[in-house]
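So you can see what is in the structure, the chains are spelled out below.
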Amino acid sequence: SAVISQKPSRDICQRGTSLTIQCQVDSQVTMMFWYRQQPGQSLTLIATANQGSEATYESGFVIDKFPISRPNLTFSTLTVSNMSPEDSSIYLCSVAGGTGYNEQFFGPGTRLTVL
Amino acid sequence: GENVEQHPSTLSVQEGDSAVIKCTYSDSASNYFPWYKQELGKRPQLIIDIRSNVGEKKDQRIAVTLNKTAKHFSLHITETQPEDSAVYFCAASRSGGFKTIFGAGTRLFVKA
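Same order as they appear, the protein sequences are chains A and B.
Heads up, the first sequence is in the working numbering, so the first residue is 1 and it goes up one at a time.
Heads up, the second sequence is in the working numbering, so the first residue is 1 and it goes up one at a time.
To be clear, the hints were calculated from the coordinates, so they are not data collected in a lab.
Virtual Cβ for every residue (Gly too), placed ideally from N, Cα, C.
You may find that some hints are simply not true.
Only some residues are given here: those of chain B computed to face chain A with a beta carbon under 7 Å [unchecked claim]: (1) 29; (2) 32; (3) 43; (4) 44; (5) 46; (6) 82; (7) 93; (8) 99; (9) 100; (10) 102; (11) 105.
Isolated chain A, as found in the complex:
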């Protein structure tokens, strides 16, 4: 499976500011995803990061709040914009295994606290 890293691993931010999270994969992957996991909760898909085109957002998530970049097949960023305490969560990137089925492998996550 791919080796996935995320930066930063954690951050504490002030409300109204923005944070960009980076996801790096050690091999080229077609599909990358960004998830949010609130404390004690399940994984909620924010968007699918498409290389060379705009990300595909899930219901309840918009590009102005969560802009995503995917400049190549090994890297993506998620920005959490104009943060509020409700954005405090763990943000995880994941990649699909490439067999045609959706086995996913997750990065270590970024723990965000907004004060």
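Assemble chain B onto chain A, guided by the hints.
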């Protein structure tokens, strides 16, 4: 929309006993059913999966069963050990790039 229901939300067993976690899915076109284990403060890790052309799959102490007619699948852990304590998520998806829908999770406690 698509939904995956998972039960129980919490499960406590004695070391050596078996644990069973059950999930149902709503999208009849789902054909891939992974299970993830998430230890405290760690990322979710894929532990086993099953595809719709198979009814059962086993890997050492863990096994998954799938009933496509009932849209139901289960995770079975035998001879549980304290290190099995974690949150387990079931999920369902279709092949070809469709998104994965996760269950709400089951917190498993294995008491020594």
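Do the hints match the structure? See the list:
This hint is violated: residue 29 (chain B) has a C-beta 13 Å from the nearest C-beta of chain A, more than the 7 Å allowed. With its C-beta approaching chain A no nearer than about 4 Å, residue 32 (chain B) sits inside the 7 Å limit, and its interface hint holds. A least Cβ separation of about 4 Å between residue 43 (chain B) and chain A falls short of the 7 Å threshold, and the interface hint therefore holds. Annotation: residue 44 (chain B) was flagged as interfacial toward chain A, and the flag holds, the nearest CB pair being 5 Å apart, inside 7 Å.
Because the smallest distance between the Cβ of residue 46 (chain B) and any Cβ of chain A comes to about 6 Å, under 7 Å, the interface hint for this residue holds. Residue-level restraint check for residue 82 (chain B) is violated (minimum Cβ-Cβ distance to chain A is 21 Å; threshold 7 Å). The beta carbon of residue 93 (chain B) comes within 4 Å of a beta carbon in chain A, closer than 7 Å, and the hint placing it at the interface holds. Hint on residue 99 (chain B) holds. Least Cβ distance to chain A is approximately 6 Å, under the 7 Å limit.
At a threshold of 7 Å, the smallest CB-CB gap from residue 100 (chain B) to chain A is about 5 Å, leaving the interface hint in force. The closest approach between the C-beta of residue 102 (chain B) and any C-beta of chain A is roughly 5 Å, which is under the 7 Å cut-off, so the hint is satisfied. Here the hint on residue 105 (chain B) is kept, as its CB sits about 5 Å from the closest CB of chain A, short of 7 Å.
Of the numbered hints stated above, those contradicted by the structure are hints 1, 6, listed in ascending order.
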